[in-house]
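Asker: The lines below spell out each chain.
Number of protein chains: 4
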Amino acid sequence: MPFVYGRVIRFHETDAAGVVYFARLLTLCHEAYEASLAAVDIDLKAFFSAAGGMAVPIVHTEADFYQPLSCGDAIAIALVPKQLSLHSFEIAYTISNQHLPSKHSEEPLAWALTRHVCMNLHSRRRHPLTPDLVDWIGAVALADPAD
Amino acid sequence: MPFVYGRVIRFHETDAAGVVYFARLLTLCHEAYEASLAAVDIDLKAFFSAAGGMAVPIVHTEADFYQPLSCGDAIAIALVPKQLSLHSFEIAYTISNQHLPSKHSEEPLAWALTRHVCMNLHSRRRHPLTPDLVDWIGAVALADPAD
Amino acid sequence: MPFVYGRVIRFHETDAAGVVYFARLLTLCHEAYEASLAAVDIDLKAFFSAAGGMAVPIVHTEADFYQPLSCGDAIAIALVPKQLSLHSFEIAYTISNQHLPSKHSEEPLAWALTRHVCMNLHSRRRHPLTPDLVDWIGAVALADPAD
Amino acid sequence: MPFVYGRVIRFHETDAAGVVYFARLLTLCHEAYEASLAAVDIDLKAFFSAAGGMAVPIVHTEADFYQPLSCGDAIAIALVPKQLSLHSFEIAYTISNQHLPSKHSEEPLAWALTRHVCMNLHSRRRHPLTPDLVDWIGAVALADPAD
Chain S
1 MPFVYGRVIR FHETDAAGVV YFARLLTLCH EAYEASLAAV DIDLKAFFSA AGGMAVPIVH
61 TEADFYQPLS CGDAIAIALV PKQLSLHSFE IAYTISNQHL PSKHSEEPLA WALTRHVCMN
121 LHSRRRHPLT PDLVDWIGAV ALADPAD
Chain R
1 MPFVYGRVIR FHETDAAGVV YFARLLTLCH EAYEASLAAV DIDLKAFFSA AGGMAVPIVH
61 TEADFYQPLS CGDAIAIALV PKQLSLHSFE IAYTISNQHL PSKHSEEPLA WALTRHVCMN
121 LHSRRRHPLT PDLVDWIGAV ALADPAD
Chain V
1 MPFVYGRVIR FHETDAAGVV YFARLLTLCH EAYEASLAAV DIDLKAFFSA AGGMAVPIVH
61 TEADFYQPLS CGDAIAIALV PKQLSLHSFE IAYTISNQHL PSKHSEEPLA WALTRHVCMN
121 LHSRRRHPLT PDLVDWIGAV ALADPAD
Chain X
1 MPFVYGRVIR FHETDAAGVV YFARLLTLCH EAYEASLAAV DIDLKAFFSA AGGMAVPIVH
61 TEADFYQPLS CGDAIAIALV PKQLSLHSFE IAYTISNQHL PSKHSEEPLA WALTRHVCMN
121 LHSRRRHPLT PDLVDWIGAV ALADPAD
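These protein sequence lines map, in sequence, to chains S, R, V and X.
The end of the first sequence is residue 147 by this note's numbering, with every number in the run present.
The end of the second sequence is residue 147 by this note's numbering, with every number in the run present.
The end of the third sequence is residue 147 by this note's numbering, with every number in the run present.
The end of the fourth sequence is residue 147 by this note's numbering, with every number in the run present.
So that you can see chain S by itself, here it is in the shape it has in the complex (with noise of 0.2 angstroms):
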């Protein structure tokens, strides 16, 4: 099994056509990620303000939206990472309602992905990926037997 967070989706989330807004599905699935970063305990803190001069910045996303999502819907985002090149990584996102966790359903809710690059931020350069997301990278996709 992938990465998978849980989380009820929120009233303040949703728009006035009555379902979340479709740009807050990948904030909900950057959530995901970082869940996954601190469950093989990376400080978020640190890590998201780039502390040590080295930043990770998302450099293309996508998304596909197959039912919407209400107040109260309790869903489960399942993330795959997976290294690009020595620089980059990208991680793939699937969201289904929580009471159909599996990767099997045949009826996700959406889809996404995120393509994230490693920089240091002194030379604006790309840096290779750090150890800690390389070893995250090879911890999630390990957890994940489909792969």
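No copy is singled out in the list; a pair is fine if it fits within one copy or between any two copies.
Within a straight-line C-alpha distance of at most 20 angstroms, the following computed SDA-like cross-link-like pairs (lysine to any residue) qualify: (1) 45 - 10; (2) 45 - 18; (3) 45 - 68; (4) 82 - 40; (5) 82 - 31; (6) 45 - 99; (7) 82 - 134.
Simulated from the structure, these hints should not be mistaken for lab results.
For this one, chain S is given, so just place chains R, V and X on it according to the hints.
Answerer: Structure of chains R, V and X alone, referenced to chain S:
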């Protein structure tokens, strides 16, 4: 003990000063309110979309900020509702570090309040709190041995 | 020239890395979409609350991020809609510095896309784009001499 | 006249009750504060990232909500700052329909307040308001003939 909602601060809740954006604290408090309603089996989707022609909009809010919150911080929001009149109630929220969730903590991180009035959306007039809400106030208040 | 929406980046749109949170860029693009609808006198409240039983939810989105955006930056979002089928359209957004708003700018800050399908909310089936939307696509496309 | 910030309500600011989410109102007020700082040439990026080791965090906020706001509504936020002590100031915000922007309007849509304390981030102690801020308060207050 009052109803307590636990939550990890997420990256999107921070701002360029490196800490949680002030108005986000009220969003976190509203999440705690939602969780406490769900705990007594109120249907959140129906409740917040005013499906029955009844709504309880917030007419007043306040907050005091004592300490900044950072990405990755685990917080606990303790919530105490109180009926104010036939038509209205307020909720007091105490936000503390999750490792010190007690209301006896000497140093909460923040404090907030929301005041709600029950409205009939057809007549645009005040309406007595529904039995569901009166029961919710009683249940959450009963949960608090200090009251 | 395509329809262009100008906007200053606000503090709440930044995160603890000091720049605009990635998913916020899509929110900015949706604001540009709203402004372009209002420019042809579509009533935004009715349109987005699906007052007529018709909605045009976003079924796909993508974005590429070339440069970070900071609080106070004045950006220009140029928007080009295109009808894809009887029932669907997409919008391409080019985000640039407002002081270089031209589509001929060599270095946009970001690029994004949203794909929309017109739905009848009662039947839950696809519905031909309403005349309002077809007119909007024509008006905004006509505004672009390069198309 | 006080400093007035005009703004159209956007879809992402609404919730499933069909109106602006309560905490969003404070975000709109903070935008007005940012616009008023920019009007006296304060660099927003430097100011809000505490580039000079000085920050003016919000320590208290309140708001009263009189009327709901909908997607597409054009609002005007009138802002009046007031110095409270050597180290602190507060800002009162009156939110009204943009077609009735006067402070003499009988029916504002909402009212809010933020209280700010100047801090030296290195010493973690209060610091006198910087000359920039004192000048900003004077300039915006002078702009108000009623004060």
